[in-house]
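Visitor: So the chains spell out like this:
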Amino acid sequence: MKRCSVRLGVDVGGTNADVAVIEGGEVIGAHKAQLQNRIGAGINAAIREALAASKAPAEKISAVVVGTTHFTNAAIEGRRLQPAAILRICLPSNQDLEPMTDWPPDLLRAVGGHIYMVRGGYEFDGREITPLDENGVRNAARDMRRKGIINIAVSCIFSTINDEMENRAGRIIADEIPDARITLSSRLGRFGLIDRENAALLNAALSSLGSTIIETVVRVLSELDITAPFYLSQNDGSLMSPEYAARYPVLTYASGPANSIRGAAHLTGLADAIVADIGGTTTDVGELKNGLPRNRSLPKRLAGVRTNFRMPDLVQIGLGGGSIVRLGADMMVGPESVGYELNSKALVFGGDVLTATDIAVAAGRTEIGDPALVSHLPSEDVARADKLIQTMIADAIDQMKTSAAPLPVVLVGGGRDLISRQLPGVDEIYIPDHADVANAVGATFALVSGEAEQHVDYNAVKRETAIEIVKRKAQSEALAAGADPATLREVEVEETPLPYSAGGLIRVRVKVVGDLLIEERG
Amino acid sequence: MLFRRSLRIDAGDLDELVYGTAILASGGGGDPYIGQLILKQALQKYGPAKLLDPVRVHDKALVLVVGAIGASTIFLERFPSLDALAGAVTEMESRLGRKADALVAAEAGGLNAILPIALGLRLGRPIIDADGMGRAFPEGHMMTYGIYGGRMAPLIIADDKLNTVVIEADDNYKTEQLGRSMVERMGNSAMAATYPMTGKFFKSVAIRNTITLSRDIGRAALTARREKRDPNAALIKFFSAMHKRPRFAETLFTGKIVDVLSKTGGGFVRGAITLENEDRRDHCIVEIQNENIIVRIGQRTIALVPDIITILEHETAEPITTENLQYGQRVNVFGLAAPELLRTPKALKIVGPRAFGIDCDYQPIEALAAA
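Protein chains in written order, with our numbering: chain L, 745 to 1266; chain E, 52 to 422.
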């Protein structure tokens, strides 16, 4: 019998590499491996084990999807940013608020205050405020070249409505600085110039990681004789090509939670649910809405810098399998954790640290390690700590819910056994098979997306017409990113009225998604 | 103890000042972030600002009102321009044939409370510690300067390309309407100077000391937050302990937002949020027209415009502007008595419930609470 297409999903987090092998929608092999500072070797081992379990030959694999928060997250946490310049297209507007005004001093020092502002920019409706000063861009680029700066971010007023000036400026800079790594703000962020510009600058300062990520993946795949095309999953759970990821590595830094939510959707068949991914140190709770993670719309600080990346709305709490538990009057669970050392430090594994996993074993929720090693714990203490854990999760779930209507809850991740099957305020709890590698499964089923926005006056243009126009723009974005046209569907239509505007001005944003267009093999 | 109000604003006061303006904005005035950064940059460049106490404004002084005019979210892309604002002032001065002695804010809430301070630093002109609303309102004729007889004309509007328009109309409402349509043509982001008035008139109608009030509000709440005390309680205590005249302040409702409804109508954003408390027994509805204008719990009305209604994040007491309200947020509905100058029959005609299309008479928040 002819085999269906086989796909490989890989999720590389801070401590683990998770791999899932999928054939015709079924998980036919999975593996979780610790990285232990050897990233490439860790990924290699995880893929090998998972493939061995699945018995699928490497040449049957039609696509590989990699979600990796590892590289960029570590660089951001460690403040390892490289010098970068910002070219903002805005004059004569926006002189009174320069780029990086709100940056923490240590990050500003690392990146350097290389600021250039030139004439140009758009009105809210996409018309020019002033034409782009191309000579100004060229002069700025030459100055950057003299200073030896190759990481360059470009921003422009209302570039989310019209990105033409950013594109043109990017071409001029590339012409002047052939080895420049150029980040266009319109590719990253949303409405709100400062937040979008910050996102672009962070990407520029991390852009050397782009090639590191791609080279690592290419090397591992060639070691394993996997010749299938590969893709990377981004923060909002959609896919991007390696070429795109090489330019925009910051889009990978938080791809894990989105992948978990998508994985939960696939493993349960649910389209709407709350998903809690319980790891070793933290739990991420997000909402699955219409088959996709619900995105956050408010800005978020990243390393102290306000940004507006497209990413899921999450509640993160310091609770996981390795969370350290303190009993007694001032009882506490987390946020400190033994992390990846759970298997040696937890009581049930013969260690000397009381963890949330020990509580779960003592409370009879799960059987791992040696239950005799926690039998001495006073049962009322265990009951209280267990109750606290359930309350922490129930609160986080309730915070994520956007309506009083009942929603099922899906528990995934290595720490899922901490949680009771009867949580207050929750009607139905799902714990699917392969829940521990939900993120890798989710990576495999990541979708290709396209997004567009425009300001429309509903008094002048009919609502349906306006939405249709914006939708078409979003569709062409998705097709350019590799979506299968037959599968395109609209998943979000956001209409935001503009306060204090005359007339009926609305910002219309449309997001469409589709499956990845892949040639079947075998 | 003698209480002396410091009129100095420096970089260290910024967070507190911005917090206070967001409390007074009654949910409006836009995201204060851009204004905060513009003032931050101005303070870095020019050093601390020294405000002018309204009692020290000379009777014969020429006072001008300055501020941004446009759609608050547009300012997040195309920022308010101090050049344009300075241009509007210069145009006004050349028409009046006289330099302005002092500048003052239109509103105490949001961006327009902060921007004049940056302009004052830029121009080296005194900025008076006062405003014309004591909160935020959507339209220019709603300032006490106009309510009590001042003329909004000429209204000078300038954009960042220094396109300048002068409006002279027979009444303040007409001036506001004509101005608004000009601003639309300028990309919904423009700057304005208006209400030229004498120091004597100004002092009789202005809402005084609102900039330093904002800073002190912020100091009370943010200090409590830092010291791990309840910032909500600190806010309420601050208003009840105000040294001259305590103002009624209360947490009107605590709950979770379970519905957000918004639509535009009549040129301004109208909407409503529904909140539900823990035991789901009570529903609270807050109606919005750019700002929060009415609070109802069940059938009972418990706060009405012009009293100030601000939604605060439950734990941190961080104010949430209307455009940032979302499903699922846990919030407190904070109510604060409006300044007395907004509660007179004359003022209520222009800024009372009926001016916002609410079919009921104004009742003070403290009376509604006691009922």
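Some clues are possibly wrong.
Unchecked claim - Result set (DSS-like, lysine-lysine): computed pairs, CA atoms no more than 30 Å apart in a straight line:
1) E:K96 / E:K225
2) E:K101 / L:K1044
3) E:K96 / L:K1044
4) E:K279 / L:K1145
5) E:K254 / E:K91
6) E:K91 / E:K279
7) E:K150 / E:K225
8) L:K1044 / E:K225
9) E:K91 / L:K891
10) L:K1089 / L:K1145
11) E:K279 / L:K1131
12) E:K397 / E:K295
13) E:K96 / E:K212
14) E:K254 / E:K212
15) E:K400 / E:K225
16) L:K1206 / E:K397
17) L:K776 / L:K1206
18) E:K101 / E:K111
19) L:K891 / E:K96
Hints in this document: simulated from the structure, not taken from any laboratory. Only a predicted model underlies this, so the values are computations on that prediction, with no experimental measurement involved.
Visitor: A separate judgement is required for each hint: does it hold in the structure or not?
Guide: Here is how each hint holds up against the structure:
1. With a CA separation close to 39 Å, the supplied pair E:K96 and E:K225 exceeds the 30 Å bound.
2. Between the alpha carbons of E:K101 and L:K1044 the distance comes to roughly 33 Å, so the proposed pair goes past 30 Å and is violated.
3. Annotation: proposed proximity of E:K96 to L:K1044 holds, straight-line Cα distance about 28 Å (limit 30 Å).
4. Using a Cα cut-off of 30 Å, the hinted pair E:K279 and L:K1145 holds, with the two alpha carbons roughly 27 Å apart.
5. Only pairs whose Cα atoms come within 30 Å are accepted, and E:K254 paired with E:K91 is accepted, the gap being roughly 29 Å.
6. The straight-line distance between the Cα atoms of E:K91 and E:K279 is roughly 27 Å, inside the 30 Å bound, and the hint therefore holds.
7. Proposed proximity of E:K150 and E:K225 is supported: the alpha carbons are some 26 Å apart, at most 30 Å.
8. Restraint check: the Cα-Cα separation between L:K1044 and E:K225 comes to about 41 Å, which exceeds 30 Å; the hinted pair is violated.
9. The hinted pair formed by E:K91 and L:K891 meets the criterion: a straight-line CA distance of about 28 Å does not exceed 30 Å.
10. A distance of roughly 35 Å separates the Cα atoms of L:K1089 and L:K1145; the hinted pair therefore is violated under the 30 Å criterion.
11. A threshold of 30 Å between alpha carbons decides the hint, and for E:K279 with L:K1131 the separation of about 25 Å falls inside it, so the pair holds.
12. Taking the CA atoms of E:K397 and E:K295, the gap is about 24 Å. The hint holds against a cut of 30 Å.
13. Taking the CA atoms of E:K96 and E:K212, the gap is near 23 Å; set against the 30 Å cutoff, the hint holds.
14. Restraint check for E:K254 and E:K212: not satisfied, since their Cα atoms lie roughly 34 Å apart, outside the 30 Å limit.
15. Of the supplied pair hints, the one linking E:K400 and E:K225 holds, its CA atoms being roughly 16 Å apart against a limit of 30 Å.
16. Annotation: proposed proximity of L:K1206 to E:K397 is violated, straight-line Cα distance about 41 Å (limit 30 Å).
17. Under the criterion of a C-alpha separation no larger than 30 Å, the hint pairing L:K776 with L:K1206 is inconsistent with the structure, at around 52 Å.
18. A distance of roughly 21 Å separates the Cα atoms of E:K101 and E:K111; the hinted pair therefore holds under the 30 Å criterion.
19. The hinted pair formed by L:K891 and E:K96 meets the criterion: a straight-line CA distance of about 26 Å does not exceed 30 Å.
When each numbered hint is compared with the structure, violations occur for hints 1, 2, 8, 10, 14, 16 and 17.
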